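From first to last, the protein sequence lines are chains A and B. The first sequence maps to residues 1 to 499 in UniProt numbering. The second sequence maps to residues 1 to 370 in UniProt numbering.
In case anyone wonders, no lab produced these hints; they're calculated from the structure. Only a predicted model underlies this, so the values are computations on that prediction, with no experimental measurement involved. Every residue, glycine too, gets a C-beta built ideally from N, C-alpha and C. Any given hint could be a false lead.
[Stated by the list, open to error] In silico negatives: residues of chain B with every beta carbon more than 10 Å from chain A: (1) Asn-97; (2) Asp-121; (3) Ser-141; (4) Lys-182; (5) Arg-205; (6) Lys-246.
[Claimed, not checked] Okay, the calculated beta carbon distance ranges per label pair: (7) A:Arg-105 / B:Lys-271: 46 to 52 Å; (8) A:Ser-53 / B:Ser-252: 54 to 60 Å; (9) B:Lys-298 / A:Ser-66: 19 to 25 Å; (10) B:Arg-34 / A:Arg-491: 41 to 47 Å; (11) B:Ser-301 / A:Ser-66: 25 to 31 Å; (12) B:Lys-298 / A:Lys-103: 47 to 53 Å; (13) B:Lys-328 / A:Asn-275: 56 to 62 Å; (14) B:Leu-181 / A:Lys-290: 33 to 39 Å; (15) A:Lys-103 / B:Lys-271: 49 to 55 Å; (16) A:Lys-67 / B:Ser-252: 54 to 60 Å; (17) A:Lys-102 / B:Glu-295: 31 to 37 Å; (18) A:Asp-496 / B:Ser-252: 55 to 61 Å; (19) B:Lys-31 / A:Lys-288: 33 to 39 Å.
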Amino acid sequence: MCSVDPDEVVEMSRIADTIDLSSGNVLCRKCDTERAVVVLRLKDVYCKMCFLSYFVHKFRSTIGKSKQIRPGDHVLIATSGGPSSMAMLHLVRDGLNETSHKKLRFQPAFLYIDESCLSHSLENGPDLVQKICFQVAALKFPCYFISLEKVMSLKFPIPTLYKDDSKTSSVTTELKEDLKKLLSSCKSETAQQDLLLQLRQEIYYQCAKALGYQKIFLGDNATTLSISILANVALGRGSQLADRVHFKTKYKDVEVFRPLREILLNEITYYNNLNNISTLQIPTLRLKGKSITACTEDFVMGLQKEFPATIPTIFRTGDKLISTLSDTSKCSTPDLNGRANGDTSYHLCALCGLNLDTIQSDSSAVNATLVSQNLSAMDLSGNEKSDVTFHKTDLISTNISDNSSNTEKSSVSACCKTNSEACGSEKKSSCCQNDKRDFGDNHRAEVSKETVQRYLCYGCRIIVREMSEVGHLPIKVRNCVNEQERHERMREQIKDFLI
Amino acid sequence: MLRVLHAMKEEESEVSCNVDYRIMPVKCNTKCGRNAVLKRPKTGDALCKECFFWAFEEEVHHTITAANLFSPGDYVAIAASGGKDSTVLAYIMKLLNDRYNYGLKLVLLSVDEGITGYRDDSLETVKRNEQQYGIPLKILSYNELYGWTMDRIVEQAGRKNNCTFCGVFRRQALDRGAALLKVDKIVTGHNADDIAETVLMNILRGDIARLQRCTAIVTDSEGSIPRSKPFKYTYEKEIVMYAYFKRLDYFSTECIYSPNAYRGHARAFLKDLEKIRATSIIDVIHSGECLAVREGVKLPSPSTCTRCGHISSQPVCKACVLLEGLNKGKPRLGIGKSSKVRERLGDTVSNSGEGNAPHISQANNSAHDF
């Protein structure tokens, strides 16, 4: 059958000729008096003043119309030194310096995450901290910094406040090594990059908590968000799309805002150029191959060149979407909402901290994948194929921990201490013999891959599935898994008496 | 040599799915004792032919039972084009119906778009399938249903939007054919790749209403015959593998009229994703299943076409608009945004008054005659 969608009746318009400003005599379409210096949307030309007021208005209205930022609010603004961050720094400075009704009335502080541990040029880490924090401090804003590897620590330290004379060199080689081990235990570039995103999200949260902030500003712009929308779908994180791209989202108990979300990257570049704002190229994780996110970026940027409506369309689509798991959704496919009832206190992914999307009805991609894995990894040596009768309950109830020959690995040392009386059942008896296994690291929170996966969302499961060693996961994640596992065991024991 | 073997062993223990078949035979992952002949694109497991067939069939069976697609006694039309998806679908529907006593009465339903050199050949395949699987076949032609063949439409409308005509007409043709046969259900050969592609496509063009609908395994709206996709979680590559090892007879030439360019982008993107991570296809479907529309977003409410009575979000359905354009010698009438179409349609109606309906009712009559 021809695979053309019968409904495919919406034509995407191709690119039209763009206006050339090099002659110098094109006038601004708004004021019609000044020479135009900026072309937006291929044909809209603006002079410097009109463009700047348009740009600043977009930023301010995004914050203003949301009515979420109240006077006196303390806001932690994440900064990386990149174009969006530097534009935001100046927009906030200008906003606070405005007079009367136009003044922004929140109390900002900036936060820089030193990711130098990811790149091989270690020595320029303190250098970058110095450069970026100096720029922020020069505008009389407090600027905190912390290095990314701290996310691996059990007790999260308070980020350091930058002072002119403060030493910015940090020596925590052990955590650095832990982080490197963690990333290198992911086989694919996609998993490394995806994992890094989750760690970044976690460290913003930890910093906000440590510093006592309830609100965080992130520098995501419309271009990066559009790529992120499509990439999240490709990574199996559709259910988290809203939590990752909307203006206001909640991460655990901290509110995250994206005030640059309606501004395109090329507009930010124009703004920075017109204001002589210098930006830094930040070294980050160097990937050998292509990741899904990089592939998505190439795709979106390529399509954008041909079809100029691409990014705005993806962006608006993302705006209208939420997860079927959220209560306010207009869900047209109720069969997918058949979630197991039970207590909702453990509905967050142990790794990324977002809603778990893995409890779905029989007819879902999650279960179809499990069925496929079970069917093609089933041990048939003992019995003839024809004898194996398949009931769907067999396939579904077989959860990840039993689906392969790794069953004996589903050991949690902690379970044996707290639940030694539960060792009667077959699964748990094997765990007691196994708890002497050494993961070769200093932390005691041992977990198996199968156990970890049970407490992860679909997207994080893919990361962990291909990890060579889950013992490298941050200690907090492992503790979280163990705690949930213990709780689950307890529930198992008393479940007959629960009403 | 020893070092090579050693290195291989290491590699194997590290990546169980990365097995190199060229060096030594690999045993089937199910420990059935046979040598593996393929690596499943979906899971990466090495399987022998028999275990692959079995896994493939059981998975489709699981999809059918988990979603309760059929009830005993249902009369089910299999949309058959002669291509790989529908050929394998016909084969497997027959096989599972016998193996698991679904109690279904099956019929092959083909649509003849009237594309010389493409459809003639593929219809021959469907006719052979009728013999091979012993499932009766019904063929409906665009000419009978609409009074136009695709060849004539292309003559009139050009190559640019021909796929729109074909797709819109086919959708209704299946419904009309199914109604004529009085079947209870229609199954189509849409596979996981098609659905993942549609999810991406709908995000790219901002069609949230369809984004929500496209991942549903059954699409049924009031008054229409439910359609389902038993291959919703089946990889296109595995369908080809199944047909290849079963030596199923299918027709594999692209339509002579080129497919839509924009969908081509989504398809190329999905192929790139699949190269990076083989599970991407099912990951995209999972994402699609988890997406819902925010409160306060307007969605078109489904209703029926005022002219022909088929499902339509507009007062007049796309097929009727396109047909009117063709019959009036204005083939571009129904192309483009629905709001613009309504404007143009309003113009022609006010210009020519009433009386556009006869063509449609004529088409209906001819369909009833068939």
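Right, here's what the structure says about each hint:
1. Asn-97: holds (16 Å)
2. Asp-121: Consistent with the label, Asp-121 (chain B) stays out of reach of chain A, its closest Cβ about 14 Å off (over 10 Å).
3. Ser-141: holds (15 Å)
4. Lys-182: holds (23 Å)
5. Arg-205: violated (5 Å)
6. Lys-246: holds (17 Å)
7. A:Arg-105 / B:Lys-271: 46 to 52 Å: holds (51 Å)
8. A:Ser-53 / B:Ser-252: 54 to 60 Å: About 59 Å separates the Cβ atoms of Ser-53 (chain A) and Ser-252 (chain B), which means 54 to 60 Å holds.
9. B:Lys-298 / A:Ser-66: 19 to 25 Å: holds (21 Å)
10. B:Arg-34 / A:Arg-491: 41 to 47 Å: Since Arg-34 (chain B) and Arg-491 (chain A) have Cβ atoms about 43 Å apart, the given range 41 to 47 Å holds.
11. B:Ser-301 / A:Ser-66: 25 to 31 Å: Once the Cβ atoms are compared, 30 Å apart, the range 25 to 31 Å for Ser-66 (chain A) and Ser-301 (chain B) holds.
12. B:Lys-298 / A:Lys-103: 47 to 53 Å: violated (36 Å)
13. B:Lys-328 / A:Asn-275: 56 to 62 Å: holds (57 Å)
14. B:Leu-181 / A:Lys-290: 33 to 39 Å: violated (49 Å)
15. A:Lys-103 / B:Lys-271: 49 to 55 Å: Given range 49 to 55 Å: holds, Cβ gap about 52 Å.
16. A:Lys-67 / B:Ser-252: 54 to 60 Å: Between Lys-67 (chain A) and Ser-252 (chain B), where Cβ atoms are some 58 Å apart, the hint holds.
17. A:Lys-102 / B:Glu-295: 31 to 37 Å: At 32 Å between Cβs, range holds.
18. A:Asp-496 / B:Ser-252: 55 to 61 Å: Hint holds: Cβ distance 57 Å, inside 55 to 61 Å.
19. B:Lys-31 / A:Lys-288: 33 to 39 Å: holds (35 Å)
The structure shown violates the earlier hints numbered 5, 12 and 14.
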